[in-house]
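Student: The residues making up each chain are set out below.
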Amino acid sequence: MLFDKFQTMAGFQAELAERKVEPFGAVTEKILSATEGLVQGRNVILAGTNNYLGLSFDPRCIKAAQDAAARWGTGTTGSRLANGSFTEHQALETEVAQFYGVDHAIVFSTGYTATMGMCATLAGPGDVILLDADSHASIYSGVKLSGAEIIRYKHNNPEDLAKRLRRLGDRASQTLIIAEGIYSMLGDVAPLQEIAAVKREYGGYLFLDEAHSMGVLGETGRGAAQAAGVEADVDFFAGTFSKSLGAVGGFCVSSHPELEAIRFCISAYIFTASSSPSIIASTREALRIVTAEPQLRERLWKNAHRLYDGLKALGLPVGPTASPVVAVEMEDRSRTIDCWEALMEAGVYVNLVIPPASPSTNFLLRNSVSAAHTSAQMDTIIAAYASLKTAGLITSTQAA
Amino acid sequence: MTDYQEYLEFLYSAVETQNKKHIELSESTSLVADLGLSSLEVMEFIEKIEDHFDISIPLNILPDVNTIGDLATKVRELNL
Ligand SMILES: Cc1ncc(COP(=O)(O)O)c(C=O)c1O
Chain A
305 MLFDKFQTMA GFQAELAERK VEPFGAVTEK ILSATEGLVQ GRNVILAGTN
355 NYLGLSFDPR CIKAAQDAAA RWGTGTTGSR LANGSFTEHQ ALETEVAQFY
405 GVDHAIVFST GYTATMGMCA TLAGPGDVIL LDADSHASIY SGVKLSGAEI
455 IRYKHNNPED LAKRLRRLGD RASQTLIIAE GIYSMLGDVA PLQEIAAVKR
505 EYGGYLFLDE AHSMGVLGET GRGAAQAAGV EADVDFFAGT FSKSLGAVGG
555 FCVSSHPELE AIRFCISAYI FTASSSPSII ASTREALRIV TAEPQLRERL
605 WKNAHRLYDG LKALGLPVGP TASPVVAVEM EDRSRTIDCW EALMEAGVYV
655 NLVIPPASPS TNFLLRNSVS AAHTSAQMDT IIAAYASLKT AGLITSTQAA
Chain B
342 MTDYQEYLEF LYSAVETQNK KHIELSESTS LVADLGLSSL EVMEFIEKIE
392 DHFDISIPLN ILPDVNTIGD LATKVRELNL
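Chains A and B, in that order, are what the protein sequence lines are. Everything in the first sequence is counted per this note's numbering, starting at 305 for the first residue and increasing by one. Everything in the second sequence is counted per this note's numbering, starting at 342 for the first residue and increasing by one.
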C-alpha cells in the first residue's frame, strides 16, 4: 500500500497524542519579543530558535519591512527570471556580495532552496561530490538531484576527506567538496583550515554552507571560513537569511564569474516565486546591522559560553566546545520527551530532535542562544535543566 | 583481484557485529528486511567495507542494493 511506509510515523504521533505532548510543530500563539513567546498556552523563553542575533524583532528591520510592503506590495507573484526581480532583490544581491568581498551573489527564496539548488546544479553526471556525512537535509536533497557520483566523508574528518580524494586519482580536481561552517544539530564547527589544506593538495571546489555561522563567527560576521582565515579557499559560500538575519531566504556568493551562468540553470531559483519585497528589505537592514554592530556577536558568544558552561557544570553531555547551539544528547526517546515537557513546564522552549534529524541514534534537547537573551533568562534556562536533574529525569549516566 | 566469494566472506564477518538477531547469513540476506539495519547502520557497515578495501562506495549504488550478495557484487565492481 502507498501509505504503509508512514505507519511508523503515524504510530509515533499516536504515542505523542496519548501522552498529550506536542513537541513537533508546537504552536506559538503570540511573540512577545525575540526571546519570549506564548507557546501552547505557556509563556516561555525561546531557547530553540535560530534567532542568533535577536534581529527578528528589531524595530529597524520591522520598519524596513513595513515600508517595503507599502511601496512594493505583499508579493512579487513571479520568478526572478520573469517578473520577480525588483530593485530590492538586486540591491540585496549587491550587498551580500559586498559583505563577502566578492563580485557575484544569488538570492534565493529560502536557505533550503539555496543549498539544495546549488548542490543540485554545480555538479552533474560524470562529476563527483564529496559531502560531509552529517550534511543538512537540503544538501542531501540537492546532491541526489545532481546526477553526480555522491561520496560521503566522515563528519568533520579531513583525513578521511583526503583519503577519498586520493582514491579518486585524476578526478579529484573535478570534485565538489561540501562542508558546513557550524553544524546545526550539535553546534560543532568544521575544521576548515585542515579541509582547505586538503583541497589545496588534491584540488577540487569547496562549497561551504554558512547557514548557522554567518553573523555568528568571523571578524566581520562572514562565518566560519573567515574565522579560520581560509576564505580564499572557498569557491562558493551559501547561507540563509532565516537565522542570524531574522527573516527568511537564502544566498550563494562566489568570486567565480561563472555564478552568473549557473544562476540560469538552477531550477530551485527559476521555478519558484522570488521573496516578497518586505522580507528582502528587512534582510538588507539586518545585514547592515550585522556589519555595524559587532557587539551583537559578542553578546551572543557571552550567552553561548554561559549556557555551555552552565550545562556542563551540571554534568550534562554537551558537545566538546561552546557554541550558540548547545545540544544535550540522550539515549532514550521517552525520557527525552519527558525532559522536553518538563522544560516547557519550567517556561523554557527548546528543540526536541529525533533520529534521523540528529546525527546519531541519540535524541537531542537542542538549545540555541541569542544575543537578545537576558542574563535572567540564561539563569532560568540553566535552572530548568538543574531541576530536570533534581526530578531524576536526567543524569549524566542516563544521557549518552 | 579478489573474487566474489571472498568479498562475500568479508561482508559476512563485517556485518556480524550488527547481526543482532543472530540470523544465518547468506547471499540473499537482506540488509534492511532481514538484518533490520537502520539507514545509519547501513552507513556504518559501508564505512567498514570502504576502510577495509580502501575504496569509496558512492551513495548512488544503494538503491540497487538489497542483499549482502548485491553489495558483494557492487564492491567487487568498484574494486576492479
Ligand atoms: C545547514 C543548513 N543549511 C540550510 C538550511 C536551510 O535554511 P532555511 O531554513 O533558511 O531554509 C538550514 C536550516 O534549516 C541549515 O541548518
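Be aware that a few hints might be false.
Using 30 Å as the maximum straight-line C-alpha spacing, the simulated DSBU-like pairs for lysine-lysine come out as follows [as the list claims (entries may be wrong)]:
hint : chain 1 : residue 1 : chain 2 : residue 2
1    : B       : K415      : A       : K616
2    : B       : K361      : A       : K309
3    : B       : K389      : A       : K367
4    : B       : K361      : A       : K458
5    : B       : K362      : A       : K458
6    : B       : K361      : B       : K415
Hints in this document: simulated from the structure, not taken from any laboratory.
Student: All hints are to be evaluated individually against the structure, with a verdict given for each.
Tutor: These are the hints, each one checked on the structure:
no., hint, result
1, K415/B - K616/A, "violated (45 Å)"
2, K361/B - K309/A, "holds (23 Å)"
3, K389/B - K367/A, "violated (55 Å)"
4, K361/B - K458/A, "holds (24 Å)"
5, K362/B - K458/A, "holds (28 Å)"
6, K361/B - K415/B, "holds (24 Å)"
Hint compliance for this structure: hints 1, 3 are broken, all remaining hints hold.
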